[in-house]
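A.B. asks: Spelled out from the first residue to the last, the chains are:
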Amino acid sequence: MNVAVAKTGKGRAVSDLFTSAEGRLPGSPGVTAVRREAFETYERLGLPHRRIEEWKYTDLRALVGEVLPLAAAPDAAALKRAADAVKAHAIDGARKLVLVDGVFAADLSDAKALAVEVGFKTLRETLEKDAGLLKTATVDAVIALNAAMATDGVVLSIADGAQLSAPIQIIHIATAASASAFSRSQVTIGKGSRATIVETFVAAGATAYQINDAVLVSVADDSDVAYIRLMDDAPDAVNVTSQFVTIGANVKYNFFNMTTGAAVSRLQGFITLAGEGSELSANGVNLLKKTEHGDTTLVVDHAVPNCVSREVFRAVLDDRAHSVFQGRIIVRPDAQKTDGKMMTRALLLSDEAEADNKPELEIFADDVSCGHGATAGALDDSLLFYLKARGLPEKQAQALLIQAFVGEAIEQIADDGLREHVIGIAERWLERRQ
Amino acid sequence: MALLEVKDLKVRVEEREILHGLTLTVNEGEIHAIMGPNGSGKSTLSHVIAGKPGYEVTDGQILFKGEDLLEMSPDERAAKGVFLAFQYPVEIPGVATMNFLRTALNAQRKARGEDEFSTPDFLRKVREVSKSLNIPQDMLKRGVNVGFSGGEKKRNEVLQMALFEPSLCILDEMDSGLDIDALRIAADGVNALRSPKRSMVVITHYQRLLNYIVPDVVHVMSKGRVVKSGGKELALELEASGYAQFEDAA
Ligand SMILES: Nc1ncnc2c1ncn2[C@@H]1O[C@H](COP(=O)(O)OP(=O)(O)OP(=O)(O)O)[C@@H](O)[C@H]1O
Ligand SMILES: [Mg+2]
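So the protein sequences, as listed, match chains A and B. Position 423 of the first sequence, counting from 1, maps to 423 under our numbering, and the rest follow consecutively. Position 65 of the second sequence, counting from 1, maps to 1065 under our numbering, and the rest follow consecutively.
Hints listed in this document are in silico derivations from the structure and should not be mistaken for laboratory results. None of these values were measured; they are calculated from a predicted model. Incorrect hints may appear among the rest.
[Said to hold, decoys possible] With a Cα cut of at most 25 Å, we get these calculated DSS-like pairs of lysine-lysine:
1. A:80 <-> A:121
2. B:1141 <-> B:1131
3. B:1131 <-> B:1065
4. A:289 <-> A:56
5. A:395 <-> B:1052
6. A:395 <-> B:1010
7. A:80 <-> A:56
8. A:341 <-> A:358
9. B:1131 <-> A:395
10. B:1052 <-> B:1125
11. A:395 <-> A:252
12. A:395 <-> B:1080
[Stated by the list, open to error] Interface residues of chain A toward chain B, partial, derived using beta-carbon atoms under 8 Å:
13. 244
14. 361
15. 363
16. 388
17. 393
18. 395
19. 408
The beta-carbon is built from N, C-alpha and C at its ideal position, and this holds for glycine as well.
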């Protein structure tokens, strides 16, 4: 292959991506300047590839090739499909905020009901004033591209002491085939409050779409927060999400991610424990089949002493699926008495499936307890036989054992209703196998 | 009528022949005991009947209700009425016992073209059977066999037997690891399942179990064959004189 030509070709397509979209990207002139700068960063770096350490196992150049043009505004038929998808995927009792192809859809959302309890704006509105939300501590090519192209998102602010009665569910719906959606949201959680945020990614008729999402979360002291992500995208979609989470003191933060779709997906989370006495529980399940590639990359930064972090991740891999787990735990020099553990296990349902696991402990304090463990293996034949001898057909016996396997991560979700919802999605994935 | 016919069965495990031409016929409603020294192939026979992978049948056949059992998958055999109470029941963490019982029962019923059990019917049945076997309800809330004592595991096997109502029950050393009271409870459970349509193969080392579950026929297995068959008095004879005489015969 002639590399020089390929690069030029991609470079041109990339520029078109921005110039053709620029007129539709919201923001004041100051925001436009920030976008341009972010896009230049992206152009300079190009799509991440395997020689970039953080992207070693998820070579987007090889897996994705090019970024598709920005999705056009959805037409009436697309909005109808989106409305149906909202009905199908809404969690009982949740306040819904719906983004269709990366643009907030007021008609499909419960913004009014939510506004009673929670401050709410769209990203679009925020960007009329300032570009602050386009800036993040960590920048890689994908995050820079998101800053350049983000069309919309939700900006939530939960007041000090608020005890939210119902989950807030952000539903991302893809209706446009062969197009990209760029969204960026912010969730600010006040002191001593209690909130549950769910993010759901689904397709409504769209195929081969790409999602680049970013979320900035900050949690003030003494709060109790559950944040659950459900990436149930179309099988040929691409979903790359970056999450930045800053956690104050004495906080309980319970994070869960489940990936049950997308040809290529990556969740990169940058979680900073910035206040003492907090507990982070970060868990997830990847259910992958065919040639799907699912990457969970988590950087947990213990910046202060006396925090606990626990990570439990499970991957179930069928056919030629490929799962990546990169977990880095950083313990800063001051962060004594840190207790950080991560455990990942992969279940290989086929000889051709592949699991890559890269734990990294970067410990700069001396009085800490940190550890990690990883396993990869097939289903236990003796357990399978026991179930079959009791009348369960092969696939059903496997399903029961797979449910038990992923259950070790799902059971970390405290809320009964949400846990059942997540189990339901996993069960549907298993039923599709049978 | 013959329920199970094992004819001249030869079985290899990892290139080594374990069963060397074993023949056994169990008629409907009969209880057969199989006794024999360690390593004589009793568990191997039970595994091959249940369809456990890893065994190569090189010769002979197994008919169940006249059908070729070796052609069926383990779950098909279960649905047809073959039940093996394992010598060493496995622990399955994360699979709740109740969910497992219901899934298994309904899978069998579905395979037979019967309606699934409704939840209340199922619960009533489990409650009834577990009560008679002295199995506390909280045991059923745990993962399958997880943290069960040896005796509890065995009772859980009998519970399943009662629930699935198989026509052939193979009990592989049901008495091992049971205390005297537990043995009586389990044996009562098994006896309650005796019926003219149901046959049992009871594998044991001890005559004591056969005081509770009285067999119609006793077989002695040695070195991969049935070397002698007789009435229940054969078990007493073995208890007195051991297996030495049969080892020579084999
Ligand atoms: N998976 C295996 N691999 C190798 N050898 C095996 C395997 N399973 C059984 N065997 C051998 O086959 C022979 C019969 O074993 P089996 O378990 O059937 O005996 P048994 O009569 O049930 O003994 P026990 O009374 O101790 O339960 C033994 O010599 C045993 O070592
Ligand atoms: Mg044995």
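A.B. asks: Now look at each hint and say whether the structure bears it out.
C.D. replies: Do the hints match the structure? See the list:
1. Proposed proximity of residue 80 of chain A and residue 121 of chain A is supported: the alpha carbons are some 24 Å apart, at most 25 Å.
2. At roughly 15 Å between alpha-carbon atoms, residue 1141 of chain B and residue 1131 of chain B fall within 25 Å of each other, so this suggested pair holds.
3. At most 25 Å may separate the alpha-carbon atoms for a hinted pair to count; residue 1131 of chain B and residue 1065 of chain B exceed this at roughly 32 Å.
4. Note on residue 289 of chain A and residue 56 of chain A: the hinted pairing holds, with a Cα-Cα distance of about 21 Å set against a maximum of 25 Å.
5. Among the hinted pairs, residue 395 of chain A with residue 1052 of chain B is consistent with the structure: their alpha-carbon atoms are about 16 Å apart, no more than 25 Å.
6. Restraint check: the Cα-Cα separation between residue 395 of chain A and residue 1010 of chain B comes to about 30 Å, which exceeds 25 Å; the hinted pair is violated.
7. For the hint linking residue 80 of chain A to residue 56 of chain A, the alpha-carbon distance of about 40 Å lies beyond 25 Å, and the restraint is violated.
8. A distance of roughly 14 Å separates the Cα atoms of residue 341 of chain A and residue 358 of chain A; the hinted pair therefore holds under the 25 Å criterion.
9. As the CA atoms of residue 1131 of chain B and residue 395 of chain A are separated by approximately 32 Å, the hinted pair breaks the 25 Å bound.
10. A threshold of 25 Å between alpha carbons decides the hint, and for residue 1052 of chain B with residue 1125 of chain B the separation of about 29 Å lies outside it, so the pair is violated.
11. Taking the CA atoms of residue 395 of chain A and residue 252 of chain A, the gap is near 38 Å; set against the 25 Å cutoff, the hint is violated.
12. Between the alpha carbons of residue 395 of chain A and residue 1080 of chain B the distance comes to roughly 19 Å, so the proposed pair stays at or under 25 Å and holds.
13. Hint status for residue 244 of chain A relative to chain B: violated, with the closest Cβ pair at about 33 Å, above 8 Å.
14. With a least beta-carbon distance of about 28 Å to chain B, the hint placing residue 361 of chain A at the interface is violated under the 8 Å criterion.
15. Hint status for residue 363 of chain A: violated, given a least beta-carbon distance of 32 Å to chain B, over 8 Å.
16. A hinted interface residue such as residue 388 of chain A counts as satisfied when its beta carbon comes closer than 8 Å to some beta carbon of chain B; here the least separation is about 4 Å, so the hint holds.
17. Among the interface hints, the one on residue 393 of chain A holds; its C-beta lies about 5 Å from the nearest C-beta in chain B, closer than the 8 Å criterion.
18. Using the Cβ-Cβ criterion of 8 Å, the hint placing residue 395 of chain A at the interface with chain B is not satisfied: the shortest such distance is roughly 10 Å.
19. Among the interface hints, the one on residue 408 of chain A holds; its C-beta lies about 7 Å from the nearest C-beta in chain B, closer than the 8 Å criterion.
Comparing the model with each earlier hint shows violations of hints 3, 6, 7, 9, 10, 11, 13, 14, 15 and 18; every other hint is respected.
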